[in-house]
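**Q** Now for the letters of each chain:
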Amino acid sequence: MIELLAPALLAGLAVALVAGPMGSFVVWRRMAFFGDTLAHGALLGAALALALDVNLYVAVVVACLAIAGALAGLQQQRQITGDTLLGIVAHTTLALGVIAISLQKSVQVDLFAYLFGDLLAVNWGDVLALWAGAVLILVLLAWHWRALLSITVNEDLAQVEGVPVTRTRLILMLLLALLIAGAIRTVGVLLITSLLVIPAAGARRLSRTPEQMAALASLLGLASVSLGLAMSWYADTPVGPSIVVAAAVLFGFTLLRRPDA
Amino acid sequence: MSQQRADTGTLVAVHGAGLAYGAHSVLDDVSLTLEPGRITTLIGPNGAGKSTLARLVLGLARPDRGRVERRPGLRVGYMPQHLQVDESLPLTVDRFLWLAAPGRTRARRDALQRTGVAHLRRRAVRGLSGGEMQRVLLARALLRKPDLLVLDEPAQGVDVAGQDALYGLLGQVRDETGCGILLISHDLHLVMARTDQVVCLHHHVCCSGTPEAVSRDPAYHRLFGPSGGMPNLAVYTHDHDHDHDLSGDPHHDHHGHTGGHHHD
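In order, the protein sequence lines correspond to chains A and B.
For the first sequence, counting from 1, position 250 maps to 252 in the numbering used here; every step adds exactly one.
For the second sequence, counting from 1, position 81 maps to 94 in the numbering used here; every step adds exactly one.
Mixed in with the good hints, there may be bad ones.
[What the hints assert, rightly or not] Ranges between beta-carbon positions, derived for each pair: (1) A/Gln78 with B/Gly129: 22 to 30 angstroms; (2) A/Asp158 with B/Asp188: 21 to 29 angstroms; (3) A/Glu157 with B/His37: 32 to 40 angstroms.
[Unchecked claim] Facing chain A, according to a computed beta carbon distance under 8 angstroms, are these residues of chain B, among others: (4) Leu73; (5) Tyr91; (6) Val98; (7) Ala113.
By construction, these hints were calculated from the structure, which means they are not laboratory data.
Yeah, the Cβ is synthetic: ideal placement off N, Cα and C, and Gly gets one too.
Generate the whole structure from the sequences, applying the supplied hints.
**A** So, in structure tokens, the structure goes:
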């Protein structure tokens, strides 16, 4: 059992660890739908990786960044509001991704695995790549923490105080794209946002500082992955959705506590 | 924006700046210089372009025409009109100040002491009242040891006694540090008496000079109504309707001003 579960558990923990602080930024900056849109676009990246036979992670990061750039451009016009625009882009890229993957003739691709993740299919190579990515993201987060927090509180004030606002925003996009690339094989494109948002939302009620919230979100994410995997093992349920359900249950418990700040 | 040095000592110099949002001109040929040790107050009706001019000074916006010169290495402390921290972000006052000055616990405590809100240090930012938030924002601006302090409507939501204390504090800060101060106000209470230079703005500079000179200027009286301009300078009657009566124009939102007031 342990030989079978160990890679899955370690891969899931790597994603959950990073999803804590990243999810906190998604919640603070109200980017949940934006993150969802990037995740849906990631499927298109995965399809391209299969078609062109390039590295999956690289293709997904490139696809996410391209979509983030396109969204920034499209938001210049005023007739269509931001969330409508996100809805259009999210579902169009998802549809294109599904079509592109179903058109692959060379390999038999399990579409379900991309949509809802297939944690049990990861190998030790994936585990290594995920932890390398996780460490990279955490280092970059720690390095730019104050700038990221500053632009989250107030961009004007941050800029006056000398924070490079545009560059910091780009760094956040890049980190989000990296995380989504890592998460696509583990929880799948449809469930990534939940792993970002649910633990962070649960941590909010228990925290007084941003750092506390980020750390607690990581802990809740780690617990969700462990519980979800256990549920999947004993009840034979799909792994990705089991993790999300575990996260939701943990969130439910945090509601029992009155927020103090 | 030019990086070359402005005249010796001048903090920020705005030369003939013009800015339009689409077809709507917000600023037209506006010039302004900010000097160290001098308190400049920008007054004008709602929608006159005061905040936009402040954004030019702060480097948050660029003019379509004209130019803005800032002294190289200028440190600016900025107190925005509103600052709302999202409910989802847990943030204590101390952490909020840390964003401007990391690693200096003592400096943060001193800054809060200075603005009279040392007791709020461990409180959550989102639970603060309007007046408390203003003082915390001022503490954050002071922490930067600024050469120039820019305060957008600092007296908003503060009672008269609080305003008096606030302007007193600004005067002290100016005397001690020699920084320049730019105040924005559509409110004439106290401001006129505590300032070195008044600039009266209504898309363009209507008049400017010492408070005494401006208060005698016909342009000032045309802008602030036929009653003679300053019903509240001498008397401390606090009247909330006053804001809306000031311009003599219908009340407009910030960017929606149609600019119906021309007097030159």
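**Q** None of the hints should be skipped; say for each whether it holds.
**A** Status of each hint after checking the structure:
no., hint, result
1, A/Gln78 with B/Gly129: 22 to 30 angstroms, "violated (44 angstroms)"
2, A/Asp158 with B/Asp188: 21 to 29 angstroms, "holds (28 angstroms)"
3, A/Glu157 with B/His37: 32 to 40 angstroms, "violated (24 angstroms)"
4, Leu73, "holds (6 angstroms)"
5, Tyr91, "holds (4 angstroms)"
6, Val98, "holds (6 angstroms)"
7, Ala113, "holds (6 angstroms)"
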